[in-house]
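With chain A's structure known, arrange chain B on it following the hints.
Top to bottom, those sequences are chains A and B.
All residue numbers for the first sequence refer to our numbering, where the first residue is 311 and numbers rise by one.
All residue numbers for the second sequence refer to our numbering, where the first residue is 65 and numbers rise by one.
Mixed in with the good hints, there may be bad ones.
So these bits of chain A aren't anywhere near chain B, every CB distance computed over 12 angstroms [said to hold, decoys possible]: (1) V421; (2) A557; (3) A558.
Here's a subset of chain B near chain A, in silico, CB distances under 10 angstroms, partners left out [unchecked claim]: (4) P153; (5) R159; (6) V172; (7) E177; (8) A178; (9) T180; (10) E280; (11) E281.
Stretch by stretch, here's where chain B covers chain A in the computed footprint (C-beta under 8 angstroms, at least three residues) [stated by the list, open to error]: (12) 394 to 401; (13) 482 to 493.
These are computed hints drawn from the structure, not numbers from a lab.
Cβ coordinates follow ideal geometry from the N, Cα and C atoms, glycine included.
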Amino acid sequence: MFRGLLLRTARTLTRVPALVASPLLMSAFFLVIYSGQLGKAGGAMLPGGSYLAFVLPLVLLTTALSGGMVAGQLLVRDMTSGYHERLLLTGAGRGRVAGAPLAVTGVALTVQAAAMVGVGVALGLRGVPAPRLGALVVGTAATGVVFALLAVATAVRARTDAAVNAVFSALFGLSFLTSAFAPRDELSGWLKAVATANPLTYVLEALRDAAGSVAPNGALGVGALTLVGVAAVGTAACAAAFRHAEAAR
Amino acid sequence: MTTTTPALPASPAATAAVGPLIHARGLRKKYGDAWAVDGLDLDVDAGEIVGLLGPNGAGKTTTLEMLSALRRPTEGTLAVAGADPVTAPRAVRTRIGTVLQAPALDAVDTPREALTLQARLRGASVADARAQADAALERAGLAHAADQRIGTLSGGQRRRVDLAVAVVGRPRVLILDEPTTGLDPVSRRALWEHVRELAADGLAVLVSTQDLHEAEELAHRLVVLRAGRVVADATAARLRAAAGHRTLVVTLADAADRRAALRVAADHGTPATAGPGDDDVHTPVLADALPADYLAALAAAGITVRDLRVEAPSLDDAVIALTA
Chain A
311 MFRGLLLRTA
321 RTLTRVPALV
331 ASPLLMSAFF
341 LVIYSGQLGK
351 AGGAMLPGGS
361 YLAFVLPLVL
371 LTTALSGGMV
381 AGQLLVRDMT
391 SGYHERLLLT
401 GAGRGRVAGA
411 PLAVTGVALT
421 VQAAAMVGVG
431 VALGLRGVPA
441 PRLGALVVGT
451 AATGVVFALL
461 AVATAVRART
471 DAAVNAVFSA
481 LFGLSFLTSA
491 FAPRDELSGW
501 LKAVATANPL
511 TYVLEALRDA
521 AGSVAPNGAL
531 GVGALTLVGV
541 AAVGTAACAA
551 AFRHAEAAR
Chain B
65 MTTTTPALPA
75 SPAATAAVGP
85 LIHARGLRKK
95 YGDAWAVDGL
105 DLDVDAGEIV
115 GLLGPNGAGK
125 TTTLEMLSAL
135 RRPTEGTLAV
145 AGADPVTAPR
155 AVRTRIGTVL
165 QAPALDAVDT
175 PREALTLQAR
185 LRGASVADAR
195 AQADAALERA
205 GLAHAADQRI
215 GTLSGGQRRR
225 VDLAVAVVGR
235 PRVLILDEPT
245 TGLDPVSRRA
255 LWEHVRELAA
265 DGLAVLVSTQ
275 DLHEAEELAH
285 RLVVLRAGRV
295 VADATAARLR
305 AAAGHRTLVV
315 TLADAADRRA
325 ALRVAADHGT
335 PATAGPGDDD
345 VHTPVLADAL
355 PADYLAALAA
365 AGITVRDLRV
375 EAPSLDDAVI
385 ALTA
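Bound-form chain B, shown alone:
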C-alpha cells in the first residue's frame, strides 16, 4: 500500500444520503420447499461497515446475491442505493460494487484493462475510464503491476484488483463476500485498511465473513444469521457482553495435577472443565466475585497454580451461542 493515497472522485453518497443505502424488510427467498432467507430486516447507512455472520447455510450468500440483483427475492421489500433490485436490476448493478467469494477476473487481462473496462461498462467515457482505472490502481497499491497479466499476480494482489474493480465507477454500496479468504495476514490487513478508507469515503459496506476476528476488526456492527433469520444485530462488544459469563483460566504448574484440580472443583460444586491446553482448567465466573473457595481448596490440596486470568466472552462464544 502507498502511504499517500489519491482520493477517489467524490462519491454521491458522501454528500446528501437520504436514509440507508441498503434497506431490506421481510426479505425471504425460497428454494423448493426450503427458505434460505426467512424474514430478514437490514439497514446499512453510508459510511457504515456491517458484518454479516452465520454458519454455512445461514443465508449469507443468498442475501448478498439478492442485494446485488443476482437473485430475485421471493418476498419482501428491498432497496439498494435507492433502486429496487427486482424492478430496476440494471440501476442497482451500476450503483454497487461486489466482491464475490473467489476473485472473478480474467487471467489474461491486465489490472489496467480490467479496471478500464469496468469503468466503461458503468458509463464512463474512454478518457474518464482510463483516469478512474489509474486512480484505482494507485489507491490499491498496484500501479507497478498495472500492465501485468492478472494470472501472474499473487493471491493478495488479485484480491486487491478484485476490490479495485468493484469500486471503480464510484459505486455507493460495496458488497463483499468473504473477501479475505486465502489471503496471508499482511494482505488481509491491507485489504481491511482499504475497505475502511472506502467506508470513510461514504460507501455503505456489507461484508459477509466466517472470520470473526475480521468481523470484529472491520465492522461497526454485526448482523448474525441463523437458518435465514437475523438472530442478532449489534456491535461486537454488545454481542460479547450478551454471551454471558466470564471465564476463570487456572494454569497449573504441573499438568499432572489437572485431574486432581477437576476433582477439587467437583467436590466444591464448581463447574470446571479441562481447557484446550494440557495444564489449564476453565471455570465460569457466574457471580461478581471470583470463586475464592475453589482457589483455596486447590492450595489446600497441594496443587500449585502457575497463572490465573479472567477472560471475557469471545465473539466466537457469542456467535456459537446464537447460532447453535
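Chain A extracted, bound-state conformation:
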C-alpha cells in the first residue's frame, strides 16, 4: 500500500518538475552570487579556508528548507484537486498519505543536494574529500526531511499553498539570522545574540563541520541534536494537525 503511494508521489514529482527545479535554480543562483560577490573578501577572513566551502552549507541549508516545503506543496496540490479525500477514502490512513510525500522529498533532496555540490565543484570547490561531500548531501537531505515535517503539518492544518509558502518564507529569513556569511565569533551585537538563539545556526555549523570548513568544536553533534529537536517539534505538529483534521470530521 505505502509502496503504491510512494511510486505515485515520485511520478507526480517527475511530471511537475517545477516543484523540484524551482528551488534548485534558486539555490544555484544564490551560490553563484555569494561566491562571486563575497568570495574574495570572505576568503580573506577565513584562516586558510575556502569561502566557497564556507558558504556552500548555507546554500545547502536553504536548498533543504525550500526542498522540504515540496512535501507540503504536494499535499496541498492533492487537497485542492480533491484527490487527497479520495486517497483517505481508500483507508490508506492520514499517516501513509502524508508520509509518502515526506519520503519522496527526502529522495528528491538527495538529488538536489548532490546537484548543488556539483555546482560548487564547478565553481571551484576544491580540497573537500568525497566522503565529506557525501556527508553534506546526506546532511542536507536529512535537514530537509526534518523541516518538511513542518510543511506537512501546515498543509494538513491550513490546506493552502500560501500557508506552506509562509513557513518557507519564515525559515528562509531565519537562515540569514545565523552565521550565514561569517563565523559566529565574527558577528557582533544583536546579530550574534540572535544567531546564538537560532536553531538554524547549529544546523548550518554542522553542515560546515561536515564540509571540513570553519565551525565550532562539536558542531556536528550539536547540529544533529538540533535536528532531533526540530524533528520532535515537527512530529508533534503533524500529530496535532492530524488530530485536528479528524476532529473536524
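Frame of chain A, contents of chain B only:
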C-alpha cells in the same frame, strides 16, 4: 461505451447479503448550534439505487460524508457494508466507492495509473490491481484512453474515470454525490447506464442529485430531505401521485385571448393561471371530471382553443411541495 462489457469480478454483495448494506437510524449531525442532519432513517439494499433529493442545505452532502466515514455523526446508529463508520472507518472506506461532487483525480496521472493505485490501496496485489484496472477501463469504455493524462480527457471521460476509480476494488456500496453535474446528455446517459449495471451486479447505490429527471431515470426509490430530515421515502410514481391534482393545459389559438380566458375562468370560479408560454392557461383538475363548463364558457366568449391536454403532477411539483 462498449457493447460487450466484461463482468466485474463477483462482488460479495451479489451473494448472501444480510440486511441492508446502508442502515441508518436516528442519524444526526450538528455544526455549532445548527442541525445539518436531524434524525435521518435510511436503508439501502444490495442491487438497489436510492436517490437522495432536497434543496441546498437539506443535509444531502453531510449525510453522504457520514456514510463515507468522512464525517462523524453527532448521534444515531449507522452501518455501511456491515461496518460502523465511527468505530471502524477504515473498514468502511475499503468497502465503499465514492464519487464526490467534482472529479477527484490527479491531472498528471493516467486512468490506468489511478485505477491501479486505487486497487492497490484497497489491498490488491500488483498483478491483481493491474487486472482490476484493465477490467474497469474496459467496462467504462476507456481502454483507448488508458494511458492518456487525465488532464487531457473530456469532462465526461474524467467522470467515467472517477466512477471507475470508485468501483475498482469491488466495493459493496457506491455513493454518488451529483455525479452528472456538468456532463452533456450523451455522457450523462452513459453514466446512468454504467450505474445501472453496477447495481445489477449487486452494489447498493445511493445517489444525491439536484436533477429530478436523473433521479426519476436512475433510482428505484427516492428519499427527500428538508432541513436535515426525511420528508418522503417512496418511488417517483408514488411521490407524483401524492403531489395532488392534475393540470388542464389549454393552449389558445390567439395569444391575445389569454387575458380574456383568465377573466372567463375567474367569472366561473375556476382557479386558472397563465402558463409559462404566452398562449397557455393552466387550470387544476380538482375533481374526477374536467371543467366542462369552463371550456364551454371559453367557446361562448369566442375564444378558440388550439390544444387541450391533461398533465400529471411532475416530480418537480412533488419535491417542491415537500420541501417548500
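Verification of the supplied hints:
| no. | hint | in the structure |
| --- | --- | --- |
| 1 | V421 | holds, 19 angstroms |
| 2 | A557 | violated, 9 angstroms |
| 3 | A558 | violated, 9 angstroms |
| 4 | P153 | holds, 8 angstroms |
| 5 | R159 | holds, 9 angstroms |
| 6 | V172 | holds, 4 angstroms |
| 7 | E177 | holds, 7 angstroms |
| 8 | A178 | holds, 9 angstroms |
| 9 | T180 | holds, 8 angstroms |
| 10 | E280 | violated, 28 angstroms |
| 11 | E281 | violated, 26 angstroms |
| 12 | 394 to 401 | holds (count 7) |
| 13 | 482 to 493 | violated (count 0) |
In the structure shown, a violation is registered for the earlier hints numbered 2, 3, 10, 11, 13, in ascending order.
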